[in-house]
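Residue numbers (our numbering), protein chains in the order written: chain L, 300 to 664; chain Z, 300 to 664.
Be a bit skeptical, because a hint or two may be false.
As the list claims (entries may be wrong) - Computed cross-link-like contacts, DSBU-like style, restricted to lysine-lysine with a CA-CA straight-line distance of at most 30 Å: (1) Lys334/L with Lys548/Z; (2) Lys426/Z with Lys548/Z; (3) Lys333/Z with Lys462/Z; (4) Lys548/L with Lys411/Z; (5) Lys462/L with Lys334/Z; (6) Lys333/L with Lys426/Z; (7) Lys548/L with Lys334/Z; (8) Lys462/L with Lys548/Z; (9) Lys333/Z with Lys548/L; (10) Lys333/L with Lys462/Z; (11) Lys333/Z with Lys462/L; (12) Lys633/L with Lys651/L; (13) Lys333/Z with Lys411/L; (14) Lys462/L with Lys333/L; (15) Lys376/L with Lys411/Z; (16) Lys462/L with Lys462/Z; (17) Lys411/Z with Lys411/L; (18) Lys548/Z with Lys633/Z; (19) Lys548/L with Lys411/L; (20) Lys334/L with Lys462/Z; (21) Lys426/L with Lys426/Z; (22) Lys633/Z with Lys333/L; (23) Lys426/Z with Lys334/L; (24) Lys333/Z with Lys633/L; (25) Lys334/Z with Lys426/L; (26) Lys333/L with Lys548/Z; (27) Lys426/L with Lys376/L; (28) Lys633/L with Lys426/L; (29) Lys633/Z with Lys462/Z.
No lab work stands behind these hints: they were computed from the structure.
The residues making up each chain are set out below.
Number of protein chains: 2
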Amino acid sequence: MSDPMDYASSGVDIDLEGAAVASLIGSLQRSSRKKGTPGAPVDLPGGFGGLIEFGDHLLALATDGVGSKLQIATAVKNWDCVGIDCMAMNVNDLLCVGAEPIAFVDYIAVPKPDPEVHAAVGASLAKACELANVTLAGGETASLPGIVTELDLSGTALGYLTKGSAITGERLQSGDVLIGLPSSGIHSNGFSLVRNIINRMGISYTDPCPFDAGFAGRELPEEPTISDVLLIPTKIYCEPVVELLNHLKTTQNSVHAVHGIAHITGGGLSNLLRLHDHLGWHIDAPMPVPPEFIWLQNAGNVTDLEMHRTFNMGLGMVLAVEQNQAVPILSYIKQFEPEATIIGTVHDKGRKVTHSNPDVFYEHY
Amino acid sequence: MSDPMDYASSGVDIDLEGAAVASLIGSLQRSSRKKGTPGAPVDLPGGFGGLIEFGDHLLALATDGVGSKLQIATAVKNWDCVGIDCMAMNVNDLLCVGAEPIAFVDYIAVPKPDPEVHAAVGASLAKACELANVTLAGGETASLPGIVTELDLSGTALGYLTKGSAITGERLQSGDVLIGLPSSGIHSNGFSLVRNIINRMGISYTDPCPFDAGFAGRELPEEPTISDVLLIPTKIYCEPVVELLNHLKTTQNSVHAVHGIAHITGGGLSNLLRLHDHLGWHIDAPMPVPPEFIWLQNAGNVTDLEMHRTFNMGLGMVLAVEQNQAVPILSYIKQFEPEATIIGTVHDKGRKVTHSNPDVFYEHY
Chain L
300 MSDPMDYASS GVDIDLEGAA VASLIGSLQR SSRKKGTPGA PVDLPGGFGG LIEFGDHLLA
360 LATDGVGSKL QIATAVKNWD CVGIDCMAMN VNDLLCVGAE PIAFVDYIAV PKPDPEVHAA
420 VGASLAKACE LANVTLAGGE TASLPGIVTE LDLSGTALGY LTKGSAITGE RLQSGDVLIG
480 LPSSGIHSNG FSLVRNIINR MGISYTDPCP FDAGFAGREL PEEPTISDVL LIPTKIYCEP
540 VVELLNHLKT TQNSVHAVHG IAHITGGGLS NLLRLHDHLG WHIDAPMPVP PEFIWLQNAG
600 NVTDLEMHRT FNMGLGMVLA VEQNQAVPIL SYIKQFEPEA TIIGTVHDKG RKVTHSNPDV
660 FYEHY
Chain Z
300 MSDPMDYASS GVDIDLEGAA VASLIGSLQR SSRKKGTPGA PVDLPGGFGG LIEFGDHLLA
360 LATDGVGSKL QIATAVKNWD CVGIDCMAMN VNDLLCVGAE PIAFVDYIAV PKPDPEVHAA
420 VGASLAKACE LANVTLAGGE TASLPGIVTE LDLSGTALGY LTKGSAITGE RLQSGDVLIG
480 LPSSGIHSNG FSLVRNIINR MGISYTDPCP FDAGFAGREL PEEPTISDVL LIPTKIYCEP
540 VVELLNHLKT TQNSVHAVHG IAHITGGGLS NLLRLHDHLG WHIDAPMPVP PEFIWLQNAG
600 NVTDLEMHRT FNMGLGMVLA VEQNQAVPIL SYIKQFEPEA TIIGTVHDKG RKVTHSNPDV
660 FYEHY
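Okay, chain L solo, but in the shape it has when bound (with noise of 0.2 Å):
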């Protein structure tokens, strides 16, 4: 058997990361917008940045890019998802606040423009709009042969809510019910660890797919390359969020029955630890695992606790809710998501995530 992958083998060095960013934050200063007024800083219990005041409202903004999932578009010419990827890793975040996405732009860099390339980033950005139903408010095109050797493409998703109807964490308590709702595949997060498994095996992304990619709903071509299936887009979940929590605000005693939402990226399940702070989180129905992840985590001999905390491995976000109200949320989520399912429940029995899986189990993110 082949060593053993992890994603910090792949050249991702997550506490180099978290040093990096930890120095930027110490370097900012707080806000000079006064409270009360337009852009001053709302600080969430949960600890929760992006929002700011306005008015009766708060304005959420999000920012975020493909990654390296890029490379892999780039290297097939294939640039379809990459304008989904971008919204969808943006305005999935700014739903997890309880913000509604109203508008997108997007930063691309290259190293020399392509109207190939532009053009086939445009239709993907145009498809994203009308998916995650925001307007395209602008967007820059910056050719940087010194700095970009192949396409880079990041956003900004602006948001908005009603005050008070923030999704903070802060109502989360033991008993809430855990509903997943289904990824579309490996989203845009993982990908340095998918590219060293793939490099590793010496395949080439336009070879046949060596596995049955054949999943619930999935639309593939009838012999799928292996680029096919990485390359699925992400899923935009502003639809089902978005009309749950307007229709559960014209709902009796539901109005806040919604009391965490988390989007599984990068630091996959883990993630979870990041809404509550003392609460922990056991799934014990997890969701089916699409095949690319079980053909990954053996081609890689990755371990189930490095999978769970790099992928989303069928899991696209969580929405934490009143144990009471679960059944009727699940039914109303289930028009937009039918394979949405209860996946698990939140306890007070210490701030950890746990699995069927014994194996997988987070004390940290």
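Given chain L's structure and the hints, the job is docking chain Z onto it.
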């Protein structure tokens, strides 16, 4: 005399960029957000983008990066300017539609996290937030060793204005007076040409500055290097413009006295043509030109025409104001920008930019 240099021969193909951007815009559909709802796009007569509806307000987003100025900062390991440059490129654009900037997010792409770089960028962003009076509402640091070879930095600014107060250019008329606000130096555009000129001369960025870099109000080390001069941060115009617009709102008959605002970046003076579809612009009293522009022009044997469409030439921002309000507006703005002056007028003798230097003439941007 050496071969004349221009921006296109510095590796920036403006026509190719135009085609790429056009193909991107061509792929983008109109928003699905309905008129009158938060996030619906605002169609302004002047063709400006980036504004969306939000109740009684409009929100504006701007996104831009620092560009190849970053390469000089990285070469000399001095990133003090880059956060301010990034902020300025964005908030100065927001000011042009009459929006007050309130929040900012940054996107940092590096081949590998480096606490020294991140601490410097963070300190620069913190200073920038203070200068622009905005809240830093988030940020992303991406490690992309396969895509970037050195630091890339971009950002997105959010601003707002009350409905009906957008500065669209539709009030521009013959006789309007042009007030110029001084730049701090090269700002953050034209750096491909700057770098090419310096490379051709065989000068190192850490060499002593080969010309007297002294200029009005400028603070430099006693014996500056060439990079000390090239890396002067871009001026942020939030204070003078926001204060002026708020002041005019409370002053009878002058609520709409500012008819157009142009941020002089890439495209230089030719940018003025964007503000109106048939009016013309004459600059009869240009701002003083900082010494680095004169030195670069001589060193690169660059034409006047090319200089004024590549660089700001001392003019960072232009306000086109109602003729009978020009004196009180200039006097008000001088509290914040003592070197502001009247530089020219708007006329109805054709859509062109003319200048006291007859070689500086633009009919296209």
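Right, here's what the structure says about each hint:
1. Lys334/L with Lys548/Z: OK: Lys334/L and Lys548/Z at ~23 Å, within 30 Å.
2. Lys426/Z with Lys548/Z: Between Lys426/Z and Lys548/Z the Cα gap is close to 29 Å, so the pair holds against 30 Å.
3. Lys333/Z with Lys462/Z: Roughly 17 Å between the alpha carbons, so the hint for Lys333/Z and Lys462/Z holds.
4. Lys548/L with Lys411/Z: Roughly 45 Å separates the two Cα atoms, so the pair is violated.
5. Lys462/L with Lys334/Z: 23 Å, holds
6. Lys333/L with Lys426/Z: 17 Å, holds
7. Lys548/L with Lys334/Z: Roughly 23 Å separates the two Cα atoms, so the pair holds.
8. Lys462/L with Lys548/Z: Distance ~28 Å between Lys462/L and Lys548/Z Cα, so the pair holds.
9. Lys333/Z with Lys548/L: 21 Å, holds
10. Lys333/L with Lys462/Z: At roughly 23 Å apart (the allowed maximum being 30 Å), Lys462/Z and Lys333/L satisfy the hint.
11. Lys333/Z with Lys462/L: 23 Å, holds
12. Lys633/L with Lys651/L: Cα-Cα ~28 Å, so holds.
13. Lys333/Z with Lys411/L: 36 Å, violated
14. Lys462/L with Lys333/L: 17 Å, holds
15. Lys376/L with Lys411/Z: 25 Å, holds
16. Lys462/L with Lys462/Z: Between Lys462/L and Lys462/Z the Cα gap is close to 21 Å, so the pair holds against 30 Å.
17. Lys411/Z with Lys411/L: 23 Å, holds
18. Lys548/Z with Lys633/Z: The hint holds at about 18 Å.
19. Lys548/L with Lys411/L: 48 Å, violated
20. Lys334/L with Lys462/Z: 23 Å, holds
21. Lys426/L with Lys426/Z: Outside the cut-off at roughly 38 Å; violated.
22. Lys633/Z with Lys333/L: Given that 30 Å is the threshold and the Cα spacing comes to 26 Å, the pair holds.
23. Lys426/Z with Lys334/L: Holds, at roughly 20 Å.
24. Lys333/Z with Lys633/L: 26 Å, holds
25. Lys334/Z with Lys426/L: The hint holds at about 20 Å.
26. Lys333/L with Lys548/Z: Between Lys333/L and Lys548/Z the Cα gap is close to 21 Å, so the pair holds against 30 Å.
27. Lys426/L with Lys376/L: Cα-Cα ~18 Å, so holds.
28. Lys633/L with Lys426/L: 23 Å, holds
29. Lys633/Z with Lys462/Z: 28 Å, holds
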